[in-house]
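Visitor: Position chain C relative to chain B; hints supplied.
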Amino acid sequence: MTNTLTCANLSKRYGGAIAVRDVGFTIAPGEAYGLLGPNGAGKTTTISMLVGLLKPDTGTVVVGGTDLAAEPMAAKAKIGYVPQEIALYPDLTGRENLRFFGRLFGLPRKALRGRVEEVLDLVGLADRADAKLDTYSGGMKRRINIGAALLHRPELLILDEPTVGVDPQSRKSILDGVERLVADGMALLYTSHYMEEVERLCHRVAIIDHGAIVAEGTRHELIELVGGVDRIELTLDGDVETALAKLHGVGGVTEAVRTSAGSVRLIAEGGRYLLPAIISTVDGIATVTAVEVVEPDLEATFLHLTGSTLRD
Amino acid sequence: MRPHPVWALVAANLRRHSRDRVGLFFIVVMPFVSIIFVGMALGGGTAASRLPVGVVAQDFDPVAAAVLRELRAHPDLEITAVAGKAELRAGVRAGALAAGVVIPPGSTKFELVMTQSNGSGMAARSAVDVAVGKVAAVIEATRAATSAGATPAEAAALVRKAEAASADVDVVNSSTASGTPRGFAYTAPANLLLFTFINSMAVAAALAESRRIGMLQRAFAAPVRRGAVLFGEALSRFIVAAAQAVLIMVVSSLLFGVSWGQPLGVATVVGVFALVSTGAAILMGSLVRSSAQPSAIGPPLGIVLGMLGGCLWPSEAAGDTLNAIGRLFPHLWGMDALLTLSRPGTGLGDVLLDVAVLAVMAAVLLSLSLVLFSRRTRIL
Chain B
1 MTNTLTCANL SKRYGGAIAV RDVGFTIAPG EAYGLLGPNG AGKTTTISML VGLLKPDTGT
61 VVVGGTDLAA EPMAAKAKIG YVPQEIALYP DLTGRENLRF FGRLFGLPRK ALRGRVEEVL
121 DLVGLADRAD AKLDTYSGGM KRRINIGAAL LHRPELLILD EPTVGVDPQS RKSILDGVER
181 LVADGMALLY TSHYMEEVER LCHRVAIIDH GAIVAEGTRH ELIELVGGVD RIELTLDGDV
241 ETALAKLHGV GGVTEAVRTS AGSVRLIAEG GRYLLPAIIS TVDGIATVTA VEVVEPDLEA
301 TFLHLTGSTL RD
Chain C
1 MRPHPVWALV AANLRRHSRD RVGLFFIVVM PFVSIIFVGM ALGGGTAASR LPVGVVAQDF
61 DPVAAAVLRE LRAHPDLEIT AVAGKAELRA GVRAGALAAG VVIPPGSTKF ELVMTQSNGS
121 GMAARSAVDV AVGKVAAVIE ATRAATSAGA TPAEAAALVR KAEAASADVD VVNSSTASGT
181 PRGFAYTAPA NLLLFTFINS MAVAAALAES RRIGMLQRAF AAPVRRGAVL FGEALSRFIV
241 AAAQAVLIMV VSSLLFGVSW GQPLGVATVV GVFALVSTGA AILMGSLVRS SAQPSAIGPP
301 LGIVLGMLGG CLWPSEAAGD TLNAIGRLFP HLWGMDALLT LSRPGTGLGD VLLDVAVLAV
361 MAAVLLSLSL VLFSRRTRIL
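For the record, the sequence lines run as chains B and C.
Taking the numbering used here, the leading residue of the first sequence gets 1, the next gets one more, and so forth.
Taking the numbering used here, the leading residue of the second sequence gets 1, the next gets one more, and so forth.
Don't read these hints as lab results, they were simulated from the structure.
Just to be clear, a hint being listed does not mean it is correct.
Said to hold, decoys possible - Derived CB-CB ranges, DEER-like: (1) Val22(C) x Glu118(B): 32 to 42 Å; (2) Pro90(B) x Thr80(C): 52 to 62 Å; (3) Leu328(C) x Gln169(B): 56 to 66 Å; (4) Met73(B) x Ala363(C): 40 to 50 Å; (5) Leu372(C) x Asp130(B): 34 to 44 Å; (6) Asp130(B) x Val22(C): 47 to 57 Å; (7) Leu328(C) x Lys110(B): 47 to 57 Å.
From a predicted model like this one, the values you see are computed outputs, not experimental measurements.
Where a beta carbon is used, it is the ideal one built from N, C-alpha and C, also for glycine.
Pulled out of the complex, with its shape left as it was, chain C reads as follows:
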């Protein structure tokens, strides 16, 4: 059986990448270091990483007691009693507390203390909203029962009964309340995009090297069509990008319990993003003069695009200007699609716009880079 020349290129290129220890470290180890550290910083996964929320309240106040009970019952919150408002403000400002709640005695007007919107503050706020809403509903229901003629004891019993019946609904609601998932559910897709792109940029070094040492000209002198050589080079880089993405998905779901969502949707988004990365890698490999440049230019470029795309911090924390700029680059669309897919009940149909934008970017980058690459490897 005659092997196809494309496979000769793919086999040789993959073997070269497997020999590059620094490159392997960046593919196999770095993404997970980043996922774990950033994930823990953003309150990922385990009990130790619950959001700290400070509360200023008098225990004897019945409303305050009810709200406190609800807040303490919330699985994502770590409630600390704080003596005064000033102390609470200081704690939030210093970052020791994600948010603070002040419950004045005898009042139903609570004060919420939080810094300018950031991921954990937003998450804490939505949890507090849920707890307060529950208490408000109980008070409202009790008042309604009493005014309908029930004794306070009867009213309390009725409300408890109703509360028990609606508890399941409340829990479901509260878990979907926050916009951006926290912890590993956020850092895993963020780092998938970040490292798929950065490592694609880094493998462009091998492409530049092939160009520099005349490997490609020599391949063009073999009985192989020009298109097949270009396809082989592109496929080699696509396989690296896709392997990076699959590795992050498998490890993050096994170790950190990240649920990625509908397989078809995720495969499509990750597939087109890997194509975008491949196009960018070939463009880099065609433009640079030396094989040292891609590994110097690639990571900073990948990190800046990651910043604009919400891979380093949630995009709602970035502000409209940054997000508007981010829309010009692939990361923001990829992030949007992956976060959408991570919500239960969503599928490919919910991310069609993101996929379409990424597909256009991939098509433009791939055709531009392949034309340029072909031109750069032609003898003049």
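One chain only, chain B, in its complex shape:
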């Protein structure tokens, strides 16, 4: 399957300062790709180069098989770009804003009306479509902001911090909607300050810092990069004391303590892969009635790799 987005060797320098250095990744159809990085890491510069707002010093961007530099119009027509700010006319209604973007993307007059209704339904704002945008809540504005990028049915959706300043209900509705689009085969590039959103949505994540990608992979691969030490909480029924002594001997387990009458905490490397060994070790001594593997999260990985938290 050909990738929806292929970018390679993207670099951009301003005077002496390097904003983006040798950035490259691919996104397949139906794949959600997260771009994580602290402020000023080069996320927005990278996105600006991907959507054709900024000319890279080096590197290529190919969208749906079309080279952005060679055929900018054709390539841009395949991208739905949702900027970080709410770029909509505040004095026009939601419907009028969508109509504007539909026309801007050259939707045929006849198709435009129906498509605007579809998108209004998709973002759940059909009932407020004729109110002026400046009467909308932050979440509603965000939903129209995303809707405006969907009118022309893009192959690649680029969301730059789409949930900033959004109430939990709108956030859920946005994430549900985006998930459906990805399930329907759209490729997604997502940046966010909210680690849990990226963890929930994205199949693969790149961590960008000082203009370069420092790590890339599935959530799990990234966490393993840090040499993830897991915490395993076991609830046992039976001879807990003997079981604890045996568990000390399991390869990979670095620590085992009894936390209450029927529970044991283990600290282990690659915890989830040890579970079969752990359960067979206590077999016949005690019955495992509950188990919880607490892995280090992406936030910890991010902190480890960039030396900063996402929300500075």
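Guide: Showing chain C alone in chain B's frame:
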């Protein structure tokens, strides 16, 4: 059918302007308030606004009687008899009289009392000149007839006959005598330029807003050429400027009977002036930091340029220094062209210099502002 992206921008921008009630008030109502008030102050249109002229004269003096008869017959003058010279001077100084005439008994040397040249004083003076000239011609003709051997009665009859034959010519002459037309014929073009420019400055607010909220960057990310986005933004502002001008022209000619002159000439002058306004609007929209600034800076700037260009008072009242400064700005050229065109028998050929100067100003402003605007909307 695929709509052109330029129209997407134009349609959205015009819809935004139509939602701006304060802006609409300034476009639809304010120009006419200004045209009516200033027009009436400068003696516009109707009978009530004839120019008041005071006269000090003895009725028994035949020359004085003849001049008075002519002055009273003049359609633009309201003649008031005043007892003495001092009273007349006071009236002119206070502005109750546009001008005054003192006719000493038995003399043909009249004294004209008026303040430093202003619109109505100049107009009154030219009307008085016409009346006096007519009487002088009658006296001269009568003297010539008498010296050629006619009796006074015969001479009077001959002169009356000649006078009747030349009356039409006299009327035509007198109506073109004054330099600047008075009343609505002056305030309508003046306010057309004033408000076309001021309201263009005000719509620059919407442009600054588009820039601020990232609307333009987003449009540049769409499959639309950069030039098309800039053209769409410029065209939106040009349409507002042109609509303002057309509205003033239509309403002023229907309600106040203003005759604008040769359509081709007027369309050309108004068209290039609207382009100048568009350029100024884009420049303003590119330079300001917030969308509140254009509506704060625009009107004062527009009014000052209007003052320099003779849109608030006739330029002959302004003096050479002000007019020399005014030549640097578009209003004076536009005013000159529109007033020239309002005289019968003139056309585009008579205002080519004005049009050329305005066209150069438009070209410079538009290219400068579009380059700047394009640069300001580029991501660094």
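Visitor: Take the hints in turn and mark each one as holding or not.
Guide: Comparing the hints with the structure gives:
no. : hint                              : in the structure
1   : Val22(C) x Glu118(B): 32 to 42 Å  : holds (36 Å)
2   : Pro90(B) x Thr80(C): 52 to 62 Å   : holds (60 Å)
3   : Leu328(C) x Gln169(B): 56 to 66 Å : holds (59 Å)
4   : Met73(B) x Ala363(C): 40 to 50 Å  : violated (29 Å)
5   : Leu372(C) x Asp130(B): 34 to 44 Å : holds (37 Å)
6   : Asp130(B) x Val22(C): 47 to 57 Å  : violated (23 Å)
7   : Leu328(C) x Lys110(B): 47 to 57 Å : holds (52 Å)
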